[in-house]
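Peer 1: Please model the complete structure; the sequences and the hints are all you need to start from.
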Amino acid sequence: MNIILNNESDEVHDGITIKELLDDKKIHTQYIAIEINKKIIPKSSYYKFELKEGDKIEIITAIGGG
Amino acid sequence: MKKLIIDNQEYKSRLILGTGKYKDFEETGKAVEASGCEMVTVAIRRLNIGQDKGSPSLLDVISPDKFTILPNTAGCYNSEDAVRTCELASELLSGKTLVKLEVLSDSKTLYPNVVETLKASEILVKKGFKVMVYTTDDPVVAKELEKIGCACIMPLGSAIGSGLGIINEFNIREIVENADVPIIVDAGVGTASDACIAMELGCDGVLMNTAIACAKNPILMASAMKHAIEAGSKAYEAGRIEKTLKGVASSPKDGVITDD
Chain A
1 MNIILNNESD EVHDGITIKE LLDDKKIHTQ YIAIEINKKI IPKSSYYKFE
51 LKEGDKIEII TAIGGG
Chain Y
67 MKKLIIDNQE YKSRLILGTG KYKDFEETGK AVEASGCEMV TVAIRRLNIG
117 QDKGSPSLLD VISPDKFTIL PNTAGCYNSE DAVRTCELAS ELLSGKTLVK
167 LEVLSDSKTL YPNVVETLKA SEILVKKGFK VMVYTTDDPV VAKELEKIGC
217 ACIMPLGSAI GSGLGIINEF NIREIVENAD VPIIVDAGVG TASDACIAME
267 LGCDGVLMNT AIACAKNPIL MASAMKHAIE AGSKAYEAGR IEKTLKGVAS
317 SPKDGVITDD
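As you go down the protein sequences, you meet chains A and Y in turn.
Going by our numbering, 25 is the number at position 25 of the first sequence; the sequence numbering is gapless.
Going by our numbering, 70 is the number at position 4 of the second sequence; the sequence numbering is gapless.
Incorrect hints may appear among the rest.
[Claimed, not checked] In silico contact screen, one side only, chain Y against chain A (beta carbon under 7 Å); selected entries: (1) Thr-85; (2) Lys-89; (3) Val-108; (4) Ala-109; (5) Ile-110; (6) Ile-115; (7) Gly-116; (8) Leu-125; (9) Ser-129; (10) Asn-138; (11) Leu-154.
[What the hints assert, rightly or not] Below, computed lysine-lysine pairings styled on PhoX-like, alpha-carbon distance capped at 25 Å: (12) A:Lys-38 to Y:Lys-196; (13) A:Lys-39 to Y:Lys-185; (14) Y:Lys-162 to A:Lys-39; (15) Y:Lys-132 to A:Lys-38; (16) A:Lys-39 to Y:Lys-192; (17) A:Lys-43 to Y:Lys-132; (18) Y:Lys-185 to A:Lys-43; (19) A:Lys-39 to Y:Lys-193; (20) Y:Lys-192 to A:Lys-38; (21) A:Lys-19 to Y:Lys-196; (22) A:Lys-38 to Y:Lys-162.
Derived by calculation from the structure, the hints in this document are not laboratory data.
Note that beta-carbon positions come from the ideal geometry of N, C-alpha and C, so glycine has one too.
Peer 2: So, in structure tokens, the structure goes:
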């Protein structure tokens, strides 16, 4: 199925969880936050939260800035 | 000088450092250390998913266990985006609610959009955020933001990254005199004397990024800023002399050796 990940289209398997997606992309969870369709998903839900076709996922982090 | 307390935490350093524009994390870390600061700002951005596995993040270098991390809404041009950014930042920082609110008007001047800033402040305060708010040097707006419940008011000295220093000392002084919350000059500092002047005007602190990160030697400039802020702070506490238009002799008039 197709999802929009950080504003770019991506193909993932049906029913993929956030945790599986992060593992696939080799993303550490310590300093990130995730929003699905503009709703923040707490870290404790990553392992069970299943993505759906067309979901818009934003993964953000802290970078240098004033 | 009165203590600097923000969100129930006392800070000994009155310098807050932005972490943008440094050559690399190593330089950022060294500048932060040389400045003696206890609070740093960070920007909230989309993760670069293509990043190499295992490459350190900024927060691996500037640990939230050692420093107060102040997430900044820089880059937001409306209240909706700013509030969204603060909520994401809070999730990222394990529920922390201290934020720097910065809502800009346009990319050319980077001047604060006061209307959107007031709107976002109200929403964030109601949601329980502790808001350190970047704003213009307008004393009326500063007081309104304080009435809304912002934890700290941060008027600009001059435009972000301009290095023009404090262009309206009278307004900054007026804001300081009317405030019941900390006043921190944010933006416009070009060199150490600008930071010193901010403190001599009675400000509680100074937030800066470009003046250090873009100096020829950022680490040395970070140290200069530390000392400038300490000097300005002490000078304010000591109380400066009145300015006069005529000379006033330092030595006694009597007993001068002269044949006249």
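Peer 1: Now look at each hint and say whether the structure bears it out.
Peer 2: Going down the list of hints, with the structure as the test:
Proximity of Thr-85 (chain Y) to chain A holds as hinted, the smallest CB-CB distance being about 4 Å (cut-off 7 Å). Residue-level restraint check for Lys-89 (chain Y) is violated (minimum Cβ-Cβ distance to chain A is 11 Å; threshold 7 Å). Of the supplied interface hints, the one on Val-108 (chain Y) holds, with its beta-carbon coming within about 4 Å of a beta-carbon of chain A, less than 7 Å. Interface hint status for Ala-109 (chain Y): upheld, as the beta-carbon distance to the closest one in chain A is roughly 2 Å, under 7 Å.
With 7 Å as the threshold, the beta carbon of Ile-110 (chain Y) comes within range of chain A, its nearest partner Cβ sitting at about 6 Å, so the hint holds. Hint status for Ile-115 (chain Y) relative to chain A: holds, with the closest Cβ pair at about 6 Å, below 7 Å. Given hint, Gly-116 (chain Y) at the interface with chain A, is violated; its Cβ is 9 Å from that chain's nearest Cβ, farther than 7 Å. Given the 7 Å rule on beta carbons, the hint for Leu-125 (chain Y) holds: about 5 Å separates it from the nearest Cβ of chain A.
Evaluation of the Ser-129 (chain Y) hint against chain A yields a violated restraint, the C-beta minimum of about 11 Å exceeding 7 Å. For Asn-138 (chain Y), the shortest C-beta to C-beta distance to chain A is roughly 6 Å, which falls under 7 Å, so the interface hint holds. Evaluation of the Leu-154 (chain Y) hint against chain A yields a held restraint, the C-beta minimum of about 5 Å falling below 7 Å. A threshold of 25 Å between alpha carbons decides the hint, and for Lys-38 (chain A) with Lys-196 (chain Y) the separation of about 22 Å falls inside it, so the pair holds.
Annotation: proposed proximity of Lys-39 (chain A) to Lys-185 (chain Y) holds, straight-line Cα distance about 21 Å (limit 25 Å). For the suggested pair Lys-162 (chain Y) and Lys-39 (chain A), the alpha carbons sit about 18 Å apart, so the restraint of at most 25 Å is met. A threshold of 25 Å between alpha carbons decides the hint, and for Lys-132 (chain Y) with Lys-38 (chain A) the separation of about 31 Å lies outside it, so the pair is violated. For a cut-off of 25 Å, the pair hint linking Lys-39 (chain A) to Lys-192 (chain Y) stands: about 19 Å separates their Cα positions.
Of the pairs offered as hints, the one joining Lys-43 (chain A) and Lys-132 (chain Y) holds, with about 23 Å between alpha carbons and a cut-off of 25 Å not exceeded. Taken as a hint, the Lys-185 (chain Y) and Lys-43 (chain A) pair is broken in the structure, with Cα atoms around 29 Å apart against an allowance of 25 Å. About 16 Å separates the Cα atoms of Lys-39 (chain A) and Lys-193 (chain Y), which keeps this hinted pair within 25 Å; it holds. At most 25 Å may separate the alpha-carbon atoms for a hinted pair to count; Lys-192 (chain Y) and Lys-38 (chain A) meet this at roughly 20 Å.
With a CA separation close to 31 Å, the supplied pair Lys-19 (chain A) and Lys-196 (chain Y) exceeds the 25 Å bound. The suggested pairing of Lys-38 (chain A) with Lys-162 (chain Y) holds, with an alpha-carbon distance near 20 Å, which does not exceed 25 Å.
Going down the numbered hints, you'll see the structure goes against 2, 7, 9, 15, 18 and 21, while the others check out.
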